[in-house]
Every structure is written in structure tokens, then in C-alpha cells.
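First to last, the sequence lines map onto chains A and B.
Counting along the first sequence from 1, when you hit position 7 you're at 7 in my numbering, and nothing is skipped either side.
For my numbering, count along the second sequence from 1 and bump the result up by 1000.
I should point out that these hints are in silico values taken from the structure, not numbers from a laboratory.
Model, not experiment: these values are computed from the prediction.
The beta carbon of each residue, even a glycine, is placed where N, CA and C say it ideally should be.
Check each hint, because a few of them may be wrong.
As the list claims (entries may be wrong) - Think about it this way: if two alpha-carbon atoms lie no more than 27 angstroms apart in a straight line, the pair counts; the simulated DSS-like pairs of lysine-lysine are: (1) A/Lys189 / A/Lys56; (2) B/Lys1030 / A/Lys241; (3) A/Lys239 / B/Lys1030; (4) A/Lys189 / A/Lys97; (5) A/Lys12 / A/Lys84; (6) B/Lys1031 / A/Lys145; (7) A/Lys106 / A/Lys189; (8) A/Lys12 / A/Lys241; (9) A/Lys56 / B/Lys1039; (10) A/Lys239 / A/Lys145; (11) A/Lys239 / A/Lys56; (12) A/Lys145 / A/Lys12; (13) A/Lys145 / A/Lys84; (14) A/Lys241 / B/Lys1031; (15) B/Lys1030 / A/Lys145; (16) A/Lys239 / B/Lys1031; (17) A/Lys189 / A/Lys12.
Unchecked claim - Pairwise CB distance ranges, derived in the manner of DEER restraints: (18) B/Ile1016 / A/Ile43: 18 to 24 angstroms; (19) A/Gly244 / B/Ile1036: 39 to 45 angstroms; (20) A/Ile115 / B/Ile1036: 29 to 35 angstroms; (21) A/Leu248 / B/Glu1026: 16 to 22 angstroms; (22) B/Ser1033 / A/Ile43: 43 to 49 angstroms; (23) B/Glu1026 / A/Ile169: 25 to 31 angstroms; (24) A/Gly244 / B/Ile1016: 15 to 21 angstroms; (25) A/Gly183 / B/Trp1027: 44 to 50 angstroms; (26) B/Val1040 / A/Leu57: 20 to 26 angstroms; (27) B/Val1040 / A/Leu166: 20 to 26 angstroms.
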Amino acid sequence: MISKKTRPIYNKTVTILPIVFMAAISFYMISHRIWFSPDQFFIFALVGVMFIGRVKLFILDWGPFMLLYLSYEFLRGLVPFISKHVNIFPMVNMDEKIFGFIPTVKLQSLFYNPINLHWYDYVAVTLYICHFVTPMIVAFIFWMKDRQIFKRYTLALLILSYAAFLTYIIYPAMPPWMASSYGYIPPIKEVTGVVMSHFFTTPFHLPSLYSIMDANPVAAMPSLHSAFPMLILLYLVRKYKVSGLLFLPYAMGV
Amino acid sequence: MYLGEHYFTDVVAGIIYATASFILVEWGLKKISYLIPDKVLQNRYVGLLYR
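Pulled out of the complex, with its shape left as it was, chain B reads as follows (with noise of 0.2 angstroms):
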């Protein structure tokens, strides 16, 4: 804010959408997690996700 970049109003836009995009790989994906198949599940980048 100090440098002219940002009003306040943004920078509270900015830490709800870090929260959420946490809440969401934390919790969200992973409740959902028993949608996706088991061959998805062994992928090396998804299976390291959710196992």
C-alpha cells in the first residue's frame, strides 16, 4: 500500500484468495479425492498429492 501499488481493499482481495486456494488443495481436493481413479491416484504428480 505504501508504495502506491495496492489499495487496502486489494490487499484483503489477495489474502482471501491465498485461504481459499489453501482450504481448497488442503481439504477440498482431497475430500474429492475418491472421485478420481486409481490409475489418476498412481501418477507420479497426483498420487504424491493425495496419498
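The following block holds chain A by itself, in its conformation from the complex (with noise of 0.2 angstroms):
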């Protein structure tokens, strides 16, 4: 027998309408430039929620959550206060002793042309910017159908930011466009800004609290980038077996 606190809290119809709502937003959002940031999406669900009168319950389970996640997003601002030396050279040998080339300066001269940019460019760069938001509506769709795992799911995800930002401190790590501007590597173009460019705009500006955080540039290793979409891979499975594997796209194109 599934016991009050573990069993979904709504009914099939109540449970995807907020989800509708939160993925509704995120796409207008990602489709206009704006990098949807997990503070917004926190106010957007609470509105979400207030619809099927479960804000209590949503601040109760999300506060301590965002409360520590935000608290990792601040502090990793500041790495490059802490760290001086940054490590340049063993990602690239470890790359070029795999492959025989690093596979981005590769990449890039196989497929990139900004003069004609091509469907994969605009996936590429949607993705990565789906970096925020992805994590929060897959937490959000857990927190609707099954508290428990949300729980277990938030864990893993402040976990392994918090792991990711101690390595952060210990092994800071150039990034490949970073250590191409200093003609460490070959060169290495420009791929977000000018996909961006072809992306809708909005007049609206909605506040956020990353615009008074600082950006670590030198936190390449690990990639959160491929983190983030495992630990969702992961889950999912656990959550809906082989149905979960629907996401491998999306894990596999980050």
C-alpha cells in the first residue's frame, strides 16, 4: 500500500497542467534569449502551483533546495578568488592521446560555418542553454507525481554541484575557448552568440539574482553540461524504466 506522504498528491489532469504552464514558459523563454535561470522558474512554478492551491507544500519542498543550490551558484563566483593557478595543458593532451585532435577545434572545422548556419547549430546552442532550466522542470515533474523522488533527486543534484565546485577549487580548468584566446590551442570560433542572434526578442527583462553573481570562467572540469543531463538520465530510468530512455537524446546532444 503506497502511504500518504509518498503517493502522488493530484489527480492525472491536475498534475499536467502546471507542468504545461512551466514547460509553456521555459520554451518562450530559451526561444527569446533569455536564459531562464533556476530563480525565475522557482517564482514561475510558485505561480504555477498557487492554481491548484499547493504552495505551502511547494515553499516547504523547494525552499530548503533552492536555498542551497542558489547558495552554490553565488560561491562558485567566487573560485577565481580562491584559485590562481589554472590548469591549461593535461585536458588537452588527455583529448589529443584519445583522439589525435581535440575534438572541438575538429568539430568546428568540419561543421561550423557562421556565414550559413546550419539546423544543428541552433540544437547545439538550444541545448546548452537548456542548462538551467532542463534540471528545474524535470525536478518540478518529479515534485508533482512523486515527492519522495524530487527529494532524492534535489539531493543528487546539490551533491554533485557541490562536488563540482570543490574540484572547481582544487583543479581549476581552462576552458577550450578560453585557452584558444590565448593561442593555447588553435582557434576556436564564436558558436552561442551568433546562433543567438537569430533567436526571437523580447522587451521583457525579468530580474534574477545571477545578474549580482559572478561567472567562474575557469570551471571547465567537470562539465556540469554533460553532468546535469546524466544524473536526469539516471533518474528517469529509475523513475519510468525503459521510458526514461526517451531522454538519451537530449543527454547525448549536450
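Both chains are given apart, each in its own frame, so use the hints to dock them into the complex.
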């Protein structure tokens, strides 16, 4: 028998409405050059759950997670002030040892043409800017469907983020674009900005806590852009078994 | 990798970190939950994880 705390809290229709609402908001944001940040997601999700009268439960469940996650994001920006040494060549050497070349340089020389953008350029950039919002959407789906797995998923997400943060302090690593700009590796072209200039624009400006947070440009190792989709994939498979593998193309794409 | 944000090595490291976090939460912490006092396990946050 399913206990009161673990059973889904809503019926199917009521469950699906806030999820559709959040998916639509996320789609609008991404397609209009807005990096939909977790704090903005939290506010919109709060509005979404108001319609189903579960605001208190939402704040109690999401509050500690959001606080810890945003603390991590804030702390991440302090890394350049803590660690002065930056690792450049170990990753370059390892990639060259495995492939015989640097994959970024090779992929761009084969596929990228800024004059003539292809569909895969748009896919790559869209997946890239979904980095913040996808883990939140999945967390929201889990929260609506099964709070027990929501708790475990968000705990794993926090452990992963803080483990990465410690690594960024111990082992700051320069990303390829920066290594290229200093001339350590062959030239790499800026793809994200070029592709995003073709996205829609919007007159809205949404405030975000991220505007007061500093970025950490030497946070290449480990790649959270690959880690988050992997964690999501593992939890979706754990929850939905084989159906969870439908997320595999996204994870591979990122 | 295509966008120039990461090397292949970084991507592999990310996958390892994610898998390790998943294993830690799904099996590791559950294994040591007997070390956690009952009062803590009954907490609304901890209890829902390891019931």
C-alpha cells in the first residue's frame, strides 16, 4: 500500500496542467534569448502551483533546495578569487592522446560555418542554454508526481553541484574557448552568440539573482553541462524504467 | 564540445560525477541510514528520503 506521503498528490489532469504551464514558459524564455534561471523558474512555478492550492507544500519542499542551490551558484563565482593557478594542458593532452586531435577544433572545422548556419547549430545552442532550466523542469515533474524521488533527485543534484564546486577550487581548468583566445590551442569560433542573434527578441526584462552573481570562467572540469543531463537520465530511468530512455537523445546531444 | 565550452575529458568527468552522485544517494546513504538517529529520520526532509 502506498503511504500518504509518497503517493502522487494530484490526479492526472491536475498534475499535467502546471507541468504544461512551466514547459510553455520555459519554451518562450529559451526561444527569446532569455537564460531562464532557477530563481526565475521558482517564481513562475510558484504561480503555477497557486492554481492547484499547494503553495505551502511547494515552498516547504523547494525552499531548502533552492536556497542551497543558489548558494552554490553564488559560491561558484568566488573560485577565481580563491584559486589563482589554472590548468590548461592536461585536458588538451588527454584529448589529443585519445583522438589524435582536439574534438572542439575538429568538429568546428568540419561542421561550423558562421555565414551559413545549420539546423544542428540551433539544436546545439538550444540544448546548451537549457542547462539551467532542464534540471528544474525535471525536478518539478518529479515533485508533481512523486515527492520521494523529488527529494532524492534534488539531493543528488546538490551533491553533484557542491562536488563540482570543490573540484573547481582544487583544480581550476581553462575551457577550450579561453585556451584558444590565449593562443594555447588552435582558434575556436564563438558559436553561441552568433546563433542566438537569430533567436526571437522580447521587450521583457526579468530580474534575476544571477545578475549579482559572478561567473567562474575556469570551471571546465567536470562539465556540469554533461553531468546534469546524465543525472537526469539516471533518475528518469529509475522512475520510468525503459520510458526514461526517451531522454537519451537530449543527454547525448548536450 | 562543439561550442568550445568543454574538452572531451571534462565531459567524461561530468558523467562520472553524475553517476557517483546518483549511486551515493540511491544506495550509499541508504546503506548508512541505520546510523542516523530515529528523530532525524522522522524529519520531513530526511524521512521522505529514506523511508
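Hints versus structure:
For the hint linking A/Lys189 to A/Lys56, the alpha-carbon distance of about 47 angstroms lies beyond 27 angstroms, and the restraint is violated. Restraint check for B/Lys1030 and A/Lys241: satisfied, since their Cα atoms lie roughly 21 angstroms apart, inside the 27 angstroms limit. Between A/Lys239 and B/Lys1030 the alpha-carbon distance is near 17 angstroms, which keeps this suggested pair within the 27 angstroms criterion. Distance hint between A/Lys189 and A/Lys97 is fulfilled; the C-alpha atoms sit about 23 angstroms from each other, no more than 27 angstroms.
A C-alpha spacing of about 52 angstroms is found between A/Lys12 and A/Lys84, which places the hinted pair above 27 angstroms, so the restraint is violated. For the hint linking B/Lys1031 to A/Lys145, the alpha-carbon distance of about 25 angstroms falls within 27 angstroms, and the restraint holds. Straight-line distance between C-alpha atoms of A/Lys106 and A/Lys189 comes to about 12 angstroms, which keeps the hinted pair within the 27 angstroms bound. Of the supplied pair hints, the one linking A/Lys12 and A/Lys241 holds, its CA atoms being roughly 19 angstroms apart against a limit of 27 angstroms.
Between A/Lys56 and B/Lys1039 the alpha-carbon distance is near 23 angstroms, which keeps this suggested pair within the 27 angstroms criterion. For the given pair, A/Lys239 sits about 10 angstroms from A/Lys145 by alpha-carbon distance, which is consistent with the 27 angstroms threshold. Straight-line distance between C-alpha atoms of A/Lys239 and A/Lys56 comes to about 25 angstroms, which keeps the hinted pair within the 27 angstroms bound. Between the alpha carbons of A/Lys145 and A/Lys12 the distance comes to roughly 9 angstroms, so the proposed pair stays at or under 27 angstroms and holds.
For the suggested pair A/Lys145 and A/Lys84, the alpha carbons sit about 45 angstroms apart, so the restraint of at most 27 angstroms is broken. Of the pairs offered as hints, the one joining A/Lys241 and B/Lys1031 holds, with about 23 angstroms between alpha carbons and a cut-off of 27 angstroms not exceeded. With a C-alpha separation of about 22 angstroms, the suggested pair B/Lys1030 and A/Lys145 falls inside the 27 angstroms cut-off, and the hint holds. The suggested pairing of A/Lys239 with B/Lys1031 holds, with an alpha-carbon distance near 20 angstroms, which does not exceed 27 angstroms.
Among the hinted pairs, A/Lys189 with A/Lys12 is inconsistent with the structure: their alpha-carbon atoms are about 46 angstroms apart, more than 27 angstroms. Here the CB-CB span from B/Ile1016 to A/Ile43 is close to 34 angstroms, at odds with the stated 18 to 24 angstroms. Roughly 29 angstroms separates the CB atoms of A/Gly244 and B/Ile1036, a value that falls outside the hinted 39 to 45 angstroms. Against the hinted window of 29 to 35 angstroms, the Cβ-Cβ separation of A/Ile115 and B/Ile1036 comes to about 60 angstroms, which falls outside the hint.
The beta-carbon spacing between A/Leu248 and B/Glu1026, approximately 19 angstroms, falls within the hinted interval of 16 to 22 angstroms. Here the CB-CB span from B/Ser1033 to A/Ile43 is close to 34 angstroms, at odds with the stated 43 to 49 angstroms. At roughly 27 angstroms, the beta carbons of B/Glu1026 and A/Ile169 sit within the given window of 25 to 31 angstroms. Between A/Gly244 and B/Ile1016 the Cβ separation comes to about 20 angstroms, which falls inside the hinted range of 15 to 21 angstroms.
Between A/Gly183 and B/Trp1027 the CB atoms are about 46 angstroms apart, so this pair conforms to the stated range of 44 to 50 angstroms. B/Val1040 and A/Leu57 have their C-beta atoms about 21 angstroms apart, which keeps the hinted 20 to 26 angstroms range intact. At roughly 25 angstroms, the beta carbons of B/Val1040 and A/Leu166 sit within the given window of 20 to 26 angstroms.
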